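According to full-length UniProt numbering, the sequence shown is numbered sequentially starting from 1.
Please keep in mind that the hints were generated in silico from the structure rather than gathered at the bench. Being a predicted model, the structure only gives us computed values, none of them experimental. Glycine included, C-beta positions come from ideal geometry on N, C-alpha and C. A portion of the hints provided could be inaccurate.
The list that follows gives simulated cross-link-like pairs (lysine-lysine, DSS-like), each with its CA atoms no further than 25 Å apart [to be verified]:
hint, residue 1, residue 2
1, 251, 208
2, 155, 166
3, 232, 166
4, 90, 232
5, 166, 139
6, 23, 9
7, 226, 251
8, 90, 117
9, 208, 232
Beta-carbon label-pair distances, calculated as ranges [claimed, not checked]:
hint, residue 1, residue 2, range
10, 93, 34, 27 to 33 Å
11, 6, 166, 48 to 54 Å
12, 163, 7, 50 to 56 Å
13, 146, 47, 20 to 26 Å
14, 251, 118, 34 to 40 Å
15, 154, 43, 35 to 41 Å
16, 94, 248, 31 to 37 Å
17, 47, 194, 42 to 48 Å
18, 18, 93, 23 to 29 Å
19, 78, 231, 29 to 35 Å
20, 166, 118, 41 to 47 Å
21, 32, 56, 17 to 23 Å
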Amino acid sequence: MSILPEERKNAILQELDRTGKVKVIDFAEQFQVSQETIRRDLMILEEKGLLKRVYGGAVKKSYQGTEPPFVQRKIVNQEAKIKIGKAAAKLISDGDTIVIDVGTTALELARSIENKKEITILTNSLPVSSVLTDLLNQKMFSGEVLLLGGQLNPKQQSVGGRLTEKMLSQFHIDKAFISAGGVSIDGGVSDYDLTETSVSQEMIHVSKEIILLVDHSKIGVDAFCKICPLEKVDVIVCDQPIPKGWKNHKKTNGINWITAD
Numbered sequence: 001m002s003i004l005p006e007e008r009k010n011a012i013l014q015e016l017d018r019t020g021k022v023k024v025i026d027f028a029e030q031f032q033v034s035q036e037t038i039r040r041d042l043m044i045l046e047e048k049g050l051l052k053r054v055y056g057g058a059v060k061k062s063y064q065g066t067e068p069p070f071v072q073r074k075i076v077n078q079e080a081k082i083k084i085g086k087a088a089a090k091l092i093s094d095g096d097t098i099v100i101d102v103g104t105t106a107l108e109l110a111r112s113i114e115n116k117k118e119i120t121i122l123t124n125s126l127p128v129s130s131v132l133t134d135l136l137n138q139k140m141f142s143g144e145v146l147l148l149g150g151q152l153n154p155k156q157q158s159v160g161g162r163l164t165e166k167m168l169s170q171f172h173i174d175k176a177f178i179s180a181g182g183v184s185i186d187g188g189v190s191d192y193d194l195t196e197t198s199v200s201q202e203m204i205h206v207s208k209e210i211i212l213l214v215d216h217s218k219i220g221v222d223a224f225c226k227i228c229p230l231e232k233v234d235v236i237v238c239d240q241p242i243p244k245g246w247k248n249h250k251k252t253n254g255i256n257w258i259t260a261d
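Take the sequences, apply the hints, and build the full model.
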């Protein structure tokens with residue numbers, strides 16, 4: 001079988017999306033190449049952060065322990081996050097009540113909100129609330145912004161805890177815009193921080209529509225804390241098309257996948 005190296009790597013990633021693991025010996029036989037060639041493919045993909053090598057093959061990239069501080073994450077995949085933020089902002093309608101969680105992609109959503117009338121926005125993100133306050137003062141949109149109360153997390157510039165969750169429980173929300181550390185077929189939506197995960201879960205509980213904002217680096221990743229099953233999500237906004245291994249899967253049938261460009 002004659003196949004280009006990039007096609008071979010794509011096949012490896014598709015198998016990871018489908019089963020969560022790949023074996024060197026199986027792919028060497030399938031593509032009629034040496035096991036060393038497949039190991040080199042896996043090494044390249046691991047360097048790009050797309051998988052984790054293990055003895056005899058590789059598995060999906062998983063929980064890494066901790067998430068970098070907010071200020072460091074702002075510069076990672078920034079162009080993709082800007083595209084996602086602009087595409088997500090188009091999903092907001094006049095009169096909506098929405099909630100925006102923490103994260104650098106959520107911040108780009110906030111920056112993209114304009115020409116919306118009488119919208120109410122709740123958030124537990126300090127940077128998001130600051131951006132929205134500036135936009136209100138500039139009359140870029142009309143409505144009001146509610147900063148949720150609770151325990152301050154200086155590292156992630158967020159607010160969380162039981163007080164935040166209790167405050168959220170008092171509202172009926174039209175749309176929840178949720179960012180995440182990872183999303184996969186089997187693992188669903190996940191994140192790294194337990195406190196922020198609990199707040200995201202409450203946002204999902206009180207909202208009619210769940211919109212997930214993730215760049216390509218989060219696809220196939222299982223972070224430490226489970227937020228919700230994939231079936232709970234109504235819309236995914238990503239900078240890349242839906243993975244081939246996810247198409248026609250029963251867990252993604254009800255999801256509207258929007259490719260930001």
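Going down the list of hints, with the structure as the test:
no.: 1; hint: 251 <-> 208; result: holds (19 Å)
no.: 2; hint: 155 <-> 166; result: holds (23 Å)
no.: 3; hint: 232 <-> 166; result: holds (21 Å)
no.: 4; hint: 90 <-> 232; result: holds (21 Å)
no.: 5; hint: 166 <-> 139; result: violated (31 Å)
no.: 6; hint: 23 <-> 9; result: holds (13 Å)
no.: 7; hint: 226 <-> 251; result: holds (16 Å)
no.: 8; hint: 90 <-> 117; result: holds (13 Å)
no.: 9; hint: 208 <-> 232; result: holds (11 Å)
no.: 10; hint: 93 <-> 34: 27 to 33 Å; result: violated (56 Å)
no.: 11; hint: 6 <-> 166: 48 to 54 Å; result: holds (51 Å)
no.: 12; hint: 163 <-> 7: 50 to 56 Å; result: holds (52 Å)
no.: 13; hint: 146 <-> 47: 20 to 26 Å; result: violated (43 Å)
no.: 14; hint: 251 <-> 118: 34 to 40 Å; result: holds (36 Å)
no.: 15; hint: 154 <-> 43: 35 to 41 Å; result: holds (38 Å)
no.: 16; hint: 94 <-> 248: 31 to 37 Å; result: holds (35 Å)
no.: 17; hint: 47 <-> 194: 42 to 48 Å; result: violated (30 Å)
no.: 18; hint: 18 <-> 93: 23 to 29 Å; result: violated (36 Å)
no.: 19; hint: 78 <-> 231: 29 to 35 Å; result: holds (30 Å)
no.: 20; hint: 166 <-> 118: 41 to 47 Å; result: violated (26 Å)
no.: 21; hint: 32 <-> 56: 17 to 23 Å; result: holds (19 Å)
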